[in-house]
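S.K.: Starting from the known structure of chain D, arrange chain P on it as the hints suggest.
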Amino acid sequence: MKIEKHIRILEFALSSLFRQKLKNIIIILAYTLNVFIFSSAIFFSESLKNEAVTLLEYSPELIVQRMRGGRHELVPLQYAEKIKEIRGVTAVTPRYWGYHYDPPVNNNYTFLGADQLPPEVLEMVEGSFYEQEGNDLCVIGQGVADARFVDTEDIIPVLGADGDLHALRVAGIFTAKSNILTNDLVILKTADLKKIFLIPDDMATDLVVKVRNVNEVSTIARKIQEMMPDSRPIEKSQIIKTYEAIFSWRGGLMVAIFFGSITAFSILAWDKATGLSGQERKDIGILKAIGWDTSDIIELKFWEGFIISSMAFFPGIIFAQAHIYLLDGLIFSPLMKGWSSIFPQINLAPQIEIYHLIVIIFLTIIPYITATLIPSWKAAITDPDMIMKG
Amino acid sequence: MKYKIFAGILLCEILLLTTLAVSAAISSTKRAPALEANQQLVENLMLTDLSLWTETSYSRHPSQADFFAPFQDAPGAIERFPAGSLTAPAALYNISQRAASRPNSPGRIAETDSDNEQAARK
Chain D
81 MKIEKHIRIL
91 EFALSSLFRQ
101 KLKNIIIILA
111 YTLNVFIFSS
121 AIFFSESLKN
131 EAVTLLEYSP
141 ELIVQRMRGG
151 RHELVPLQYA
161 EKIKEIRGVT
171 AVTPRYWGYH
181 YDPPVNNNYT
191 FLGADQLPPE
201 VLEMVEGSFY
211 EQEGNDLCVI
221 GQGVADARFV
231 DTEDIIPVLG
241 ADGDLHALRV
251 AGIFTAKSNI
261 LTNDLVILKT
271 ADLKKIFLIP
281 DDMATDLVVK
291 VRNVNEVSTI
301 ARKIQEMMPD
311 SRPIEKSQII
321 KTYEAIFSWR
331 GGLMVAIFFG
341 SITAFSILAW
351 DKATGLSGQE
361 RKDIGILKAI
371 GWDTSDIIEL
381 KFWEGFIISS
391 MAFFPGIIFA
401 QAHIYLLDGL
411 IFSPLMKGWS
421 SIFPQINLAP
431 QIEIYHLIVI
441 IFLTIIPYIT
451 ATLIPSWKAA
461 ITDPDMIMKG
Chain P
7 MKYKIFAGIL
17 LCEILLLTTL
27 AVSAAISSTK
37 RAPALEANQQ
47 LVENLMLTDL
57 SLWTETSYSR
67 HPSQADFFAP
77 FQDAPGAIER
87 FPAGSLTAPA
97 ALYNISQRAA
107 SRPNSPGRIA
117 ETDSDNEQAA
127 RK
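As they're listed, the protein sequences go chains D and P.
If you count by the numbering used here, then the first sequence holds residues 81 to 470, one letter each, in order.
If you count by the numbering used here, then the second sequence holds residues 7 to 128, one letter each, in order.
Pulled out of the complex, with its shape left as it was, chain D reads as follows (with noise of 0.2 Å):
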């Protein structure tokens, strides 16, 4: 019996609805955009985030750079020794890197050393590397080669620090999958890229220190700086907080964007809340006066609520998905890009966490059903006859 009653009230509730069709539809429409920009946001900074986190939690434990004047210089070899003499620091790998401009296609590169290029790393790029002989060989990101339109085999120009120019021979390509890590590298032999960029035999562009026990590291780092006041220690967990205060930053600027619909709808919520239309009023008037109770009516208006919030959220979420795993987030990617002319194709791995939805069910179905509730609770409480009259 019980429940017959609540499926009559939802049978009304819907018949109610139905009333006032287009009202309710365009409402339905505004929620569905409100919910989809919000789901969006998250799963797209969420997704993200977790990529880097997860590729990341594999980057060095302490890197050592050098400052002078407040700006990064190239550091000693000698402070490897030093380094090396702290108890708790198993290796010292100095690393060569730096960043290269393409006049041509107005394009960034970075350059990285690498003498040896272990199996697992090879299984990534299509060619060959260390098979072949001489130098000025190099291994391209799948951008490097989109934008000079290069194959394995070809020559890549560069103009070095000292004036020469020196022809890359592309060795490999390093296939798409990678591209989030090596979209813009180019890898070269240490001593090539130390050619180029004229990097003098003693010096490295910064350190990479191996620690033997990880909860040391804050202490190693410390006493690097102690001894060398003019070094700058990075630890892993720093790189980390970094990428994730990044993509969090950009989740809300990406909801800060679409600030106006979801100021509309803010609007259009408050409307509801602040005061019901005559006609509701009426409505709720002549149910209490044949003999609902006010539970009753607020059962009704939680109906309604729930109707409308339900055909809205469902949609806005696997819009949501469709968007960011399907299309690769068309809507968003123009504002991740910013002036870069090489981009990689992201394909981020697809996820629902019933975290995300609960957030998401804060942010929109509460307010509104809320918003519908209190103005139909305040109508409810009041004599009925006082409420036909207005």
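Keep in mind that a hint or two might mislead.
[Stated by the list, open to error] Restraint ranges, calculated between C-beta atoms of paired labels, are given here:
1. L16/P x L109/D: 17 to 23 Å
2. L16/P x Q425/D: 21 to 27 Å
3. L16/P x S328/D: 28 to 34 Å
4. L21/P x E153/D: 56 to 62 Å
5. I20/P x I235/D: 56 to 62 Å
6. L16/P x D373/D: 22 to 28 Å
7. F339/D x L21/P: 32 to 38 Å
The set of hints was computed from the structure by calculation and includes no laboratory data.
Think of the CB as a built atom: it goes at the ideal place given N, C-alpha and C, for glycine as much as any other residue.
M.R.: Frame of chain D, contents of chain P only:
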């Protein structure tokens, strides 16, 4: 009768969402080898950043850049929009951690009140 149609639509929507969640889980399993290969790449090449915003050094390697890096590229260099401006201001995320771990870091402005006090004492 209308409630049956509504319940049907609601059920379809829930089913569709569940299917998406299940397919997301399956897709994550399928992506695992590629992810593992990329993790190897990060480890072997000692990479620190994602290759996303290549227009400037500080947006290409945000984890390696200084807080004032946007103005470091060249005298009068304009800030790159939107990549640079979409990076969170330092104050919001890691000043406190960095200040705690490297109180005497050169090339940085005093980041906390305690830093200022230390500098004054010196």
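S.K.: All hints are to be evaluated individually against the structure, with a verdict given for each.
M.R.: Hints and how they fare:
| no. | hint | in the structure |
| --- | --- | --- |
| 1 | L16/P x L109/D: 17 to 23 Å | holds (18 Å) |
| 2 | L16/P x Q425/D: 21 to 27 Å | violated (36 Å) |
| 3 | L16/P x S328/D: 28 to 34 Å | holds (33 Å) |
| 4 | L21/P x E153/D: 56 to 62 Å | holds (60 Å) |
| 5 | I20/P x I235/D: 56 to 62 Å | holds (58 Å) |
| 6 | L16/P x D373/D: 22 to 28 Å | holds (26 Å) |
| 7 | F339/D x L21/P: 32 to 38 Å | holds (33 Å) |
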